[in-house]
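Fit chain B to the supplied structure of chain A, relying on the hints for placement.
Listed in order, the protein sequences are those of chains A and B. Here this note's numbering is used: the first residue of the first sequence is 1, the next is one more, and so on. Here this note's numbering is used: the first residue of the second sequence is 1, the next is one more, and so on.
Hints are not guaranteed to be accurate.
Example chain B residues on the side facing chain A (calculated, C-beta under 8 Å, incomplete) [stated by the list, open to error]: (1) Thr108; (2) Val109; (3) Thr151; (4) Ala155; (5) Glu227; (6) Ser360.
Computed footprint of chain B on chain A, listed as stretches where at least three residues anywhere in the stretch have a Cβ under 8 Å from a Cβ of chain B [to be verified]: (7) 44-52; (8) 58-69.
Partner residues are not named here, just some residues of chain B that face chain A (Cβ under 8 Å, in silico) [stated by the list, open to error]: (9) Thr40; (10) Ala51; (11) Arg54; (12) Gly56; (13) Thr152; (14) Arg162; (15) Val203; (16) Phe226; (17) Phe306; (18) Leu334; (19) Thr336; (20) Ile366.
I should point out that these hints are in silico values taken from the structure, not numbers from a laboratory. Quick caveat, the model's predicted, so the values are computed rather than measured. Every residue gets a Cβ at the ideal spot worked out from N, C-alpha and C, and that includes glycine.
Okay, here's what each chain looks like letter by letter:
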Amino acid sequence: MCLGIPGRIVVIVGDTADVDFWGVRRRVRLDLVNEPVAPGDYILNHVGFAIRRIPEAEIAGTLALYEELLRDTSDDLMTADLRGELGAAPRSDP
Amino acid sequence: MTRDVFADAAQVRFRDPVRARALAGALGRVADAIGRDRVTLMHVCGSHEQAIARFGLRAVLPKRLDLVMGPGCPVCITDMPEIDEAVALALHGVHVATYGDMVRVPGTVKSLADARAEGARVHVIYSVQQAIDLARATPDEVAFFATGFETTAVATAAVLLRDPPPNFSVLSAHKFVPPAMEAVMAMPEARIEGFLAAGHAAVITGWGLFEEFARRHRVPVVVAGFEPLDILGALVRLAELVRDGEARAVNMYPRCVSREGNRVAQAQLWRVFRIDDGEWRGIAHVPGGNLRLREEWAHVDARRRFAIDPARARDREPSALAAACICGRIMAGLATPLECRLFGRECAPDVPVGACMVSSEGTCRIWHQYGGRPELEVAS
Numbered sequence: 001m002c003l004g005i006p007g008r009i010v011v012i013v014g015d016t017a018d019v020d021f022w023g024v025r026r027r028v029r030l031d032l033v034n035e036p037v038a039p040g041d042y043i044l045n046h047v048g049f050a051i052r053r054i055p056e057a058e059i060a061g062t063l064a065l066y067e068e069l070l071r072d073t074s075d076d077l078m079t080a081d082l083r084g085e086l087g088a089a090p091r092s093d094p
Numbered sequence: 001m002t003r004d005v006f007a008d009a010a011q012v013r014f015r016d017p018v019r020a021r022a023l024a025g026a027l028g029r030v031a032d033a034i035g036r037d038r039v040t041l042m043h044v045c046g047s048h049e050q051a052i053a054r055f056g057l058r059a060v061l062p063k064r065l066d067l068v069m070g071p072g073c074p075v076c077i078t079d080m081p082e083i084d085e086a087v088a089l090a091l092h093g094v095h096v097a098t099y100g101d102m103v104r105v106p107g108t109v110k111s112l113a114d115a116r117a118e119g120a121r122v123h124v125i126y127s128v129q130q131a132i133d134l135a136r137a138t139p140d141e142v143a144f145f146a147t148g149f150e151t152t153a154v155a156t157a158a159v160l161l162r163d164p165p166p167n168f169s170v171l172s173a174h175k176f177v178p179p180a181m182e183a184v185m186a187m188p189e190a191r192i193e194g195f196l197a198a199g200h201a202a203v204i205t206g207w208g209l210f211e212e213f214a215r216r217h218r219v220p221v222v223v224a225g226f227e228p229l230d231i232l233g234a235l236v237r238l239a240e241l242v243r244d245g246e247a248r249a250v251n252m253y254p255r256c257v258s259r260e261g262n263r264v265a266q267a268q269l270w271r272v273f274r275i276d277d278g279e280w281r282g283i284a285h286v287p288g289g290n291l292r293l294r295e296e297w298a299h300v301d302a303r304r305r306f307a308i309d310p311a312r313a314r315d316r317e318p319s320a321l322a323a324a325c326i327c328g329r330i331m332a333g334l335a336t337p338l339e340c341r342l343f344g345r346e347c348a349p350d351v352p353v354g355a356c357m358v359s360s361e362g363t364c365r366i367w368h369q370y371g372g373r374p375e376l377e378v379a380s
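Excised from the complex, chain A in its bound form:
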């Protein structure tokens, strides 16, 4: 659960954003994010809240671990926790 999961902001709706996580769109709350965000920005989502805007230069490096984990089809614990993080935000309609 400590891992969180990164995603890309598609559109901002009030205090929330529709965020794309590998093709799954979720609504994430923005109350806690450390700096202003805009569509196209990547954020780290934890339990349905954006807790950090990921700086441009760090995006590829940050996504790498998650990409590896999400490819995993076994019942790996890290992967399961990531899927839990995805479940933490309600689906938003594209």
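Showing chain B alone in chain A's frame:
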């Protein structure tokens, strides 16, 4: 999200045996230079243990270097009387919503799952927002059994600051990580010579707060990411600090963690919570380790709203197995799961005795998943 951008990055970071070997080699040389037979380093994060086990990192550690997991599993360190309170509340007829694994963790005699089997209304959620939605959809009382470290507590704070519905309350069992590191250092048996700090808790608090800790306890602290190579790199840095006798904090995860942390989240955290002394399951009394609602939030505090009688959750004697569980010693880094006579026998993921076997972030659960002491090959 374009895949090409990070597909290459993933290959470099995960299929780079040259870098992995170089780091493992460097770690061996630094450990040799320290010269002692045994150097014990501690990490305090369930996700770190998952990564260490998943990628088999212990297999490349020098023999004299022992890397143990400390109290880094939020589900595991939730104290039994706190679970008893949640169970009693659920049996009292209040809807209780809580994060996944928490439902199966035994209290003194019962878990929330046991309460549910007796007819109580217990809900598994992934976000506190779902508990708010539940409260809006029912006229009944909904209590959020709030567990987790500061990374999760900030979300609880955020919903309380945004006009929660009147039938919503919080039973806080939130914990604050840094005081637990203090408690570990205070244990007479502990011989921790360096800490890997939990990367994402530090996203909130910032790594600066480890500087004073490092000075006071004369022990180095390195903030680490979750990639296998990030962890190896952070271990090399930590071992260097041990070798050089430098008791300071170093941030090896700058892409996520800053010195000052997330001030927006911190402001909300401390508007809603105060620190309090309290017990951590199996560990000890941890001064300053509990996050409790401030006086201004008494009206949403489930402990104030309801007369909770934890005795209601303890209607029989604890099992003899529970007495044999050594979760506490494991979470303090004093024992490994292999030293527990229940591990993999009476205690398994399907029939957990201790909290460490329930949670996906618990040491026992992780070691069980990856087959005893995880010694797979490093990613190559």
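Now the hints, each set against the structure:
Of the supplied interface hints, the one on B/Thr108 is violated, with its beta-carbon coming no nearer than about 25 Å to a beta-carbon of chain A, more than 8 Å. For B/Val109, the suggested interface contact is broken, since its CB lies about 26 Å from the closest CB of chain A, more than 8 Å. Interface restraint check: B/Thr151 against chain A, minimum CB-CB distance 6 Å, threshold 8 Å, status holds. Interface restraint check: B/Ala155 against chain A, minimum CB-CB distance 5 Å, threshold 8 Å, status holds.
The beta carbon of B/Glu227 comes within 5 Å of a beta carbon in chain A, closer than 8 Å, and the hint placing it at the interface holds. Interface restraint check: B/Ser360 against chain A, minimum CB-CB distance 5 Å, threshold 8 Å, status holds. Coverage of the segment 44-52 of chain A by chain B holds in this model, with 7 residues showing a Cβ closer than 8 Å to a Cβ of that chain against a need of three. Coverage of the segment 58-69 of chain A by chain B holds in this model, with 10 residues showing a Cβ closer than 8 Å to a Cβ of that chain against a need of three.
For B/Thr40, the shortest C-beta to C-beta distance to chain A is roughly 22 Å, which exceeds 8 Å, and the interface hint is violated. Restraint check, B/Ala51 versus chain A: the minimum CB separation of about 7 Å is within 8 Å; hint holds. Contact between B/Arg54 and chain A, as hinted, is supported at the beta carbon level, the nearest pair being about 6 Å apart and thus within 8 Å. Proximity of B/Gly56 to chain A is violated relative to the hint, the smallest CB-CB distance being about 13 Å (cut-off 8 Å).
Hint status for B/Thr152: holds, given a least beta-carbon distance of 6 Å to chain A, under 8 Å. For B/Arg162, the shortest C-beta to C-beta distance to chain A is roughly 7 Å, which falls under 8 Å, so the interface hint holds. The criterion of a C-beta within 8 Å of any C-beta in chain A is met by B/Val203, whose closest approach is roughly 5 Å, and the hint holds. Given the 8 Å rule on beta carbons, the hint for B/Phe226 holds: about 6 Å separates it from the nearest Cβ of chain A.
Interface restraint check: B/Phe306 against chain A, minimum CB-CB distance 25 Å, threshold 8 Å, status violated. At about 22 Å, the closest approach between the beta carbon of B/Leu334 and any beta carbon in chain A exceeds 8 Å, and the interface hint on this residue is violated. Annotation: interface hint on B/Thr336 violated; nearest CB of chain A at approximately 18 Å, more than 8 Å. Checking B/Ile366 against chain A: minimum C-beta separation of about 6 Å stays under 8 Å; hint holds.
The structure fails hints 1, 2, 9, 12, 17, 18, 19 (numbered hints given earlier, in ascending order).
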